[in-house]
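Participant: Residue-level listing of the chains:
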Amino acid sequence: MNFLSLFVLVPVLMMVGLFLSKNLTQIRAVAVTGASLLLALAVGLVFAYLGERAAGNTSEMLFAADHVWYAPLNIHYSVGVDGISVAMLLLSAIIVFTGVFASWKMEFLEKEFFLWFCLLSTGVFGFFISLDLFTMFMYYEIALIPMYLLIGVWGSGRKEYSAMKLTLMLMAGSALLLLGILGIYYLSGATSMNLLEIARTGVPAASQNWLFPLVFVGFGVLGALFPFHTWSPDGHASAPTAVSMLHAGVLMKLGGYGCFRVAIYLMPQAANELAWIFIILTGVSVVYGAYSAIVQTDLKYINAYSSVSHCGLVLFAILMLNQTAMNGAILQMLSHGLMTALFFALIGMIYGRTHTRDIRQMQGLMKIMPFLGVCYVIAGLASLGLPGLSGFVAEMTIFIGAFIHQDAFHRVFTIIACTSIVITAVYILRVVGKILYGPAADHQHIDAGDARWYERTSTIVLILAIAGIGLAPLWISDMISDSLLPIVQNINL
Amino acid sequence: MEELHLEYYLVASAIMFFAGVYGFITRRNLLAILISIELILNSVDINFALFNRFLFPGQLEGFFFTLFAIGVSACETAVAIAIIINIYRNIRNIQVKNLEQLKD
Amino acid sequence: MNISIQETVFFLLAAVIVVFSVLTVTTKRILRSATYLLFVLFATAGIYFQLDYSFLGAVQLTIYAGGIIILYVFSILLTNQQADEKLEKLRNSKVLAGAIAAVAGVGITLFLLLTHSFGPSRLEGGEVPVKVIGTALMGTDKYQYLLPFEVISILLLACIIGGIMIARKR
Amino acid sequence: MEYTLFIVLLPFLSFLFLGLVGKRLTPRAAGYIGTVVLAISTCLSYITAWHYFTTAKVDGVFEKLTPLNFTWLNFTEKLHIDLGILLDPIAVMMLVVITTVSLMVHLYSVGYMHGERGFQRYYAFLSLFTFSMLGLVVATNIFQMYIFWELVGASSYLLIGFDYAHPEAVAASKKAFIVTRFADLGFLVGILILSFYTGTFDFERLTSGDASLFAGMEGLSFMGCSVVSWALALIFMGGAGKSAMFPLHVWLPDAMEGPTPVSALIHAATMVVAGVYLVARLFPVYYLQAPDVLVLVAIVGAVTSLYAAIVACVQTDIKRVLAFSTISQIGFMMVGLGVSGMEGREGLGYMASMFHLFTHAMFKALLFLGAGAIIHAVHSNEMEHMGGLRKYLPITHITFLVACLAIAGIPPFSGFFSKDEILAATFHFNPALGAVMSLTAGLTAFYMFRLYYRIFWNKASHRDHAPREAPGSMTVPLTFLAAATLVAGFIPFGKFVTSDSAEYIIHLDWTVAAASVAVALIAIGIATLFYRRESPIPDRLASSLRGLHAAASRRFYLDDLYLFVTKKIIFNGISKPVAWFDRHVVDGAMNGFATLSQRVSYSIRGFQSGQVQQYVMVILLGVLLIAVLALFI
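Residue numbers (my numbering), protein chains in the order written: chain S, 1 to 493; chain P, 494 to 597; chain E, 598 to 767; chain B, 768 to 1400.
Since the hints were made in silico from the structure, they are not lab data.
Where is the CB? At the ideal position from N, CA and C, for every residue including glycine.
Misleading hints may appear alongside valid ones.
Stated by the list, open to error - For lysine to aspartate or glutamate, the following EDC-like pairs were computed, each having C-alpha atoms within a straight-line distance of at most 20 Å:
no., chain 1, residue 1, chain 2, residue 2
1, B, Lys1343, S, Asp298
2, S, Lys367, B, Asp930
3, S, Lys367, B, Glu883
What the hints assert, rightly or not - Not the full set, but computed from the structure, chain B residues with beta-carbon under 8 Å of chain E:
no., residue
4, Met1384
5, Leu1387
6, Leu1388
7, Val1395
8, Leu1396
To be verified - If you want the ones that stay clear, here's a sample from chain B, every Cβ over 10 Å from chain E, calculated:
no., residue
9, Val803
10, His1152
11, Ser1370
Given these sequences and hints, build the entire structure.
Facilitator: Right, here's the structure in full:
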């Protein structure tokens, strides 16, 4: 039994456990046990990974295992991790863990909710550990489908519309993706769909030029690539708290990770040639998302647009195609995942108390719910890139990396992307000022009360992770940076 | 005019056939549609017999085909009328446009 | 210009077929439609007789004219409160489309018929003896039709049962 | 000198402690913990100063010491952010200034903030701010500086908005953060450019005068200016934002909504001089690589200085007057840096600027704390609610007077020495600029005494009960700072802090000194005439110069301009259309796509009607079509 397979096995076992559990207490017990186990696994994996690396193991993927599961098409269940996947697995585990606590007070159909939630986690974890393109794609789909039900059934507002929109757009993306993956497989002449093998054989340069956009856009839809981001505001606004967290926190990272692992890694020549198109798109989406966020009045919309901006930065950095910027991109994925999960968790908690997400109807919440208020401010400061919190590390790495390109095109877009830090400050402070500060206006809100223990657990874990990365970024940055080396070499060949 | 050609018969049966098609397309009443189908079947039967008689006089395939076709059409008519009557019993009508409950 | 009796009969039959076919599908009253169909079927039987397929003509008369038309008339009478209820007014566009399709079909078919040469074709041979027919129906050799015969018989049985099943009161 | 780490670290620990468990403590305990921790920090920094200035001199030049430096984050092989401690004369001087003022403010706040809600939080924020500021000044590299620069901005945001129930305070904190953030954007881009070409963030390498570092930038230009000028100008933009230079000064007057001790700490003595410190820190780079930018610094400083002095003359809120006075004085420091040279006597401006920074920190903190004591007594910021207070607040009165004399530049108060050096350097650089600065100095004396007279003399406004002198915890810092203001001018500053770290003997330029004292005295005289007693002259003057007066009261409409830009252009002009575009065009396109496919589906669904007749029709037509095609083609 491979160590990594546990990441998929645990959620599956959780589903079995949930299936057998009879009441809410048991459901919670199963969910918390499973999520804690996953978190422990992820932390253990980080240590194991660093240990292996320290011991001088230099192979590209560690803890690799390989089994054929569908011989006619030569599809393998092939797993392995490098520093990037380790970071992503850690992120996913943290968010699943906090997501469980954030959905502590599920209102109805708790069992089904957690079942789908676990299925979603299975997909996410499976995606990050897979090395086989097809298996990867399969997990990707596993992660997408539950989203429809989670939003459609447990959501709020225009949930059917949002769920449908989200699913359709992401499915359209994955249709492109499937095409791209098959194209890569057949045109590369590799004997299996293993990423590393395809990277070795290489995809012919001529076919890269049409495969790259397919794959990049396919994953980019999930990574909120402008102009395919519009599922995100509606989807997030309608999704229940834990789903928003997992979706913005992890699922959107699948897009970035995929762009990076499949599109850039396997098709470096096309990436070099076509990057400019996507740099324009992502550069636009960085600023555009930020400007859009300024005028929104729904907390979740604000955060969704902010995600568009931040995820745009991720893709933007990936397209810079150098080690520093890519390192920044991965850090930004981590950081944005944690921040946005924290935001959505807090928004969910605030919504649970005030029953509105309209910032015009809230005021002075800091007095009423100081804990949540302080956490919201911390999340906001992280989002606008305050040093000492994770956002700063990621953004600075990206900007330094992006600036390595000497031509005016890259520089201008880098500076444009930089301006987003000002705009981010504007919309974050606007919200903080409107909802938290000032006198408490609405009398209905006054008895709302502060966070309960499970809510505190959820937010504190996230804040600790954010501050942890922000205060001591070196180990994780170096871990990612080392793993980027083969990929960057592949690009510069 | 020396003698009767195959074509003469075929023209008549073709007109009959397309009259049946016209009826099938335009009619609204189930029975009328069924009647149109009878026309079509008949014209085909005629053709079988004709070809047999004119082109392959020594054989009997067309003859038997016609024979069996008549039998089949009898069956078809019987069942169809049974269904129509049943429908009529249910909805007191046999206009096609009213038969929509089966569709969805 | 000597027109043989054969030809006279044929033209008569052909005229009946054409005229009554068209009338069958154009008349507004369903009962008349059934009646015109009966005339067409009679004419068809006439054609069979002319072709010296007397057995076929007889079958046509008994089954079609004798059986099926009766069935139609009964069911028309059963399903129409007023037997001579007019068929509903048809939509012009639909009629037009049907007419165009039918006329075009006729046109193309006739064009094909009249430009195609069928080779030597003459009305010859004589009456098919019933004995030959009986042997062919009951035999299992080549050009003998026991199997279709049995199939038809089973089909008829199934029809009888099916008809009863469908039409019986529930 | 590794113990210097604790100077920086202690306030951070205090922040963590107060922030996490502050609520469980009584306010008094929290205040004392914060104050005591900072007192330790202050002592350590005094020890450091003593230690440094006595031992670090090698060949008559102060060495740069780096007691601590470790890698915090790697970017590329060459570029990495280090965190560490760099000690050189200006850093040590700033350590002393910051810890001193901060300690005074901590102490003062015990009395001033007594009974305020969130007292513990206040102390936590103060500690955070002190930590950030200390980290900023000891930064070993420009990126560390940027890190703490941002932290300073954030803690300033938290402190200005401390009283978050007040919408004005919240708006002011937001404005302060966003304006400085905008300036920081320039700083960041400047860092990016500079670090890319030089391949280092390190101050020591950057300021070593090694021209080869900048070789990569040679000959590169962008829009008519060399790239290095751009980089340094952008970095200066960052400094200008924090130091409230024109036209990025708009946040500072509004920031007066924060608690008064906060204004004393942040907006008088420490954070606002960060920009000056930044320029001073990179001074060799500016001087050697981009002297044109230094001229820009001087001009911006002079314009700011004059502008703020004019505006300060008509403000009625005493804290606003002080805020504009701060802006004006920082303008002086910038001018000092801008006109300075590098070696020996040329470096007068640099030395003077740092000296002024030092003395200004003391007397401006004193002024703010004094203003705090006054506000504490009369519960208002407006001058018209004051007047005649000298009888009620004797200690405040005396200390305030000392500070006013210092800022007006009357010997022997400290402001005289430092400002005079700046004026001398300016005259040396360019007499016209010197004249402008002298005029500004005169205006400074005028508005400060206007303030002084209207608070302590003039007609007393009606009061329900007599104002009482502030408690000991407030008067002690006042007295201490007043004493510091009295003696600071006699510190042989040139021995310690100079542009080339070599000793510099201050020679007073007596002509300049005499002229400036004369100007100051005349200005004070006018102020005495106008404001000592109630007098109709100011009003008459105001009405005769109505346009100028109105414009100055509205701060020459700059705030309105900013409001126009942010509200009308950014919010209504960009963001709303962008959001609309997103909802209707981008999303509309997606929805339109969905609707289109739905429409197509519906229309295709018509074919699948379930009507056999229709099917037959279509089949027939299809057959015919095929037949025709087969026949004729």
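Participant: None of the hints should be skipped; say for each whether it holds.
Facilitator: Status of each hint after checking the structure:
1. B:Lys1343 to S:Asp298: Holds. Lys1343 of chain B to Asp298 of chain S sits at ~14 Å (cutoff 20 Å).
2. S:Lys367 to B:Asp930: Roughly 11 Å separates the two Cα atoms, so the pair holds.
3. S:Lys367 to B:Glu883: Holds, at roughly 14 Å.
4. Met1384: Hint on Met1384 of chain B: holds, closest Cβ of chain E at ~6 Å, below 8 Å.
5. Leu1387: holds (5 Å)
6. Leu1388: holds (6 Å)
7. Val1395: OK, holds: Val1395 of chain B within 8 Å of chain E, min 7 Å.
8. Leu1396: violated (11 Å)
9. Val803: holds (97 Å)
10. His1152: Answer for His1152 of chain B: holds, closest chain E Cβ roughly 90 Å.
11. Ser1370: holds (18 Å)
Going through the hint list in order, the structure does not satisfy hint 8, though it satisfies all others.
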